[in-house]
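Visitor: First to last, the protein sequences are chains A and B. For the first sequence, this note's numbering gives the first residue as 77, with consecutive numbering after it. For the second sequence, this note's numbering gives the first residue as 9, with consecutive numbering after it.
Honestly, the hints are just simulated from the structure, not real lab data. Misleading hints may appear alongside valid ones.
Said to hold, decoys possible - Capping the alpha-carbon separation at 20 Å, the derived lysine to aspartate or glutamate pairs in EDC-like fashion look like this:
hint	chain 1	residue 1	chain 2	residue 2
1	A	Lys165	B	Glu122
2	A	Lys165	A	Asp105
3	A	Lys165	B	Glu168
4	B	Lys305	B	Asp134
5	B	Lys356	B	Asp149
6	A	Lys165	B	Asp226
7	B	Lys264	A	Asp105
8	A	Lys165	B	Asp259
9	A	Lys165	B	Glu261
What the hints assert, rightly or not - Just so you have them, the derived chain B footprint on chain A, three or more residues with Cβ under 8 Å:
hint	region
10	86-99
11	102-111
12	132-144
Every residue gets a Cβ at the ideal spot worked out from N, C-alpha and C, and that includes glycine.
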Amino acid sequence: MRISVVRTGGFAGIERRGEVDTSGRPDEDEWRALALRALRPGPPCDPADPAGGVRDGFSYTVTVDGRTVSFRDPHLSDAQRALVSRVLKEGA
Amino acid sequence: MDASPTHRHPVFCTVVPPHLLDRIARSRNPRFADLAQATLERDSLLRTRRRVTTVRGLAAPAPAAPAPDRPERTVYDAQHRTRLPGRKVREEGGPVSGDVTVNRAYAGLGATYELFLTAFGRRSIDGAGLPLDATVHYGEDYNNAFWDGRQMVFGDGDGELFLDFTVSVDVIGHELAHGVTQYTANLEYHGQSGALNESVSDVFGSLIKQYALDQTADRADWLIGAGLLGPAVDRGQALRSMKAPGTAYEDDELGKDPQPATMDDYVDTVRDNGGVHINSGIPNHAFYIVASELGGKAWERAGQIWYDALTGGELATDADFRDFARVTAAAAVARYGEGGAEHQALQKAWSAVGLG
Chain A
77 MRISVVRTGG FAGIERRGEV DTSGRPDEDE WRALALRALR PGPPCDPADP
127 AGGVRDGFSY TVTVDGRTVS FRDPHLSDAQ RALVSRVLKE GA
Chain B
9 MDASPTHRHP VFCTVVPPHL LDRIARSRNP RFADLAQATL ERDSLLRTRR
59 RVTTVRGLAA PAPAAPAPDR PERTVYDAQH RTRLPGRKVR EEGGPVSGDV
109 TVNRAYAGLG ATYELFLTAF GRRSIDGAGL PLDATVHYGE DYNNAFWDGR
159 QMVFGDGDGE LFLDFTVSVD VIGHELAHGV TQYTANLEYH GQSGALNESV
209 SDVFGSLIKQ YALDQTADRA DWLIGAGLLG PAVDRGQALR SMKAPGTAYE
259 DDELGKDPQP ATMDDYVDTV RDNGGVHINS GIPNHAFYIV ASELGGKAWE
309 RAGQIWYDAL TGGELATDAD FRDFARVTAA AAVARYGEGG AEHQALQKAW
359 SAVGLG
């Protein structure tokens, strides 16, 4: 399983990328479970202001074996937050 | 836009600028089209409300219950989680915390409130005494600070690339200024209007630092985020430089500061909402030139002109750089007269960055 994360925006406006190929890794099953959970929708944003209110928030694009999802702070599920921080740390 | 079966709803919480929503609203898939249309209507309703609030605020300066001339601050601790606002740890007039981050945030909110009140006569973010809320210790190793539409949120940094985001008072001021923009010109957060939104926050963030240090324009560092870069960054003094955009850092870890100073180097990109943190260097530099031309305390005349432009009701939510140049020049003429030193400084500055 190939998992890539691109994080853009934020106060600094500095882009960060990470990619992890989990094939053959001892913790492959754990990665797979986390990645599949992260592909599910995160918590809903404020219905009164779905795209507008947040300024300087990070935006994330996660691709798992060709499937791509995007989300932005602070509307991330625990799995999404765990996955992006792990990929950006280990796969930078 | 992902439409895989695992998504029961399109991801409308992601960065979807209005022009994209417009396109989706015309989508042949009625489910997407309806959702996009609903989002657009909500968005435009909110904007109308804010406009009305702004205009009413100008027309009727005496509200029924006058806001007191002091802030109403509350600092929360997210305890390294991401639930907002977190545990209340310091409130207005309450005892000092044993946590320096909490106290820095509290002081930064106070410094920001004071500049807006004393320099521009504005009571808090909304001009009507809105309570100021901030959450610190957000997330783990979180390298960011943001405004979520209601409050400020600060991460601790990872301690390597970035330190605690409360260390620079201009960062605190920057986030609060996003609130002021939201309640006034409400500049759309993409493309040039988004870069103006960012620039306005840098301008007032820097002014808050200069005011707190009682600096004249020639003594100020004109940096955003000085002291924020961690030990893993070898070559960098801050995140942005208004005096010399593009020179704040050049480092193996962070790359090179991508900010342009003039329109010749304008960056066309879809990333970062269309480069809102990149092209903000151009209006940032224009402000620096105005303040340097005028000399003295930058918040007194240059800052007043920017404040007038932001709050005067003449700036459209989708204003581009040229619109902003025009509105600031008009604001300088309205307050200080045609052809005066202020008007000339504005003309010189916008011309220098390629918007004359």
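Visitor: Next, verify each hint and record whether it holds.
Guide: Verification of the hints:
| no. | hint | verdict |
| --- | --- | --- |
| 1 | A:Lys165 / B:Glu122 | violated, 40 Å |
| 2 | A:Lys165 / A:Asp105 | holds, 19 Å |
| 3 | A:Lys165 / B:Glu168 | holds, 12 Å |
| 4 | B:Lys305 / B:Asp134 | violated, 25 Å |
| 5 | B:Lys356 / B:Asp149 | violated, 43 Å |
| 6 | A:Lys165 / B:Asp226 | violated, 41 Å |
| 7 | B:Lys264 / A:Asp105 | violated, 38 Å |
| 8 | A:Lys165 / B:Asp259 | holds, 18 Å |
| 9 | A:Lys165 / B:Glu261 | holds, 13 Å |
| 10 | 86-99 | holds (count 6) |
| 11 | 102-111 | violated (count 0) |
| 12 | 132-144 | holds (count 6) |
When held up to the earlier numbered hints, the structure conflicts with 1, 4, 5, 6, 7 and 11 and fits the remainder.
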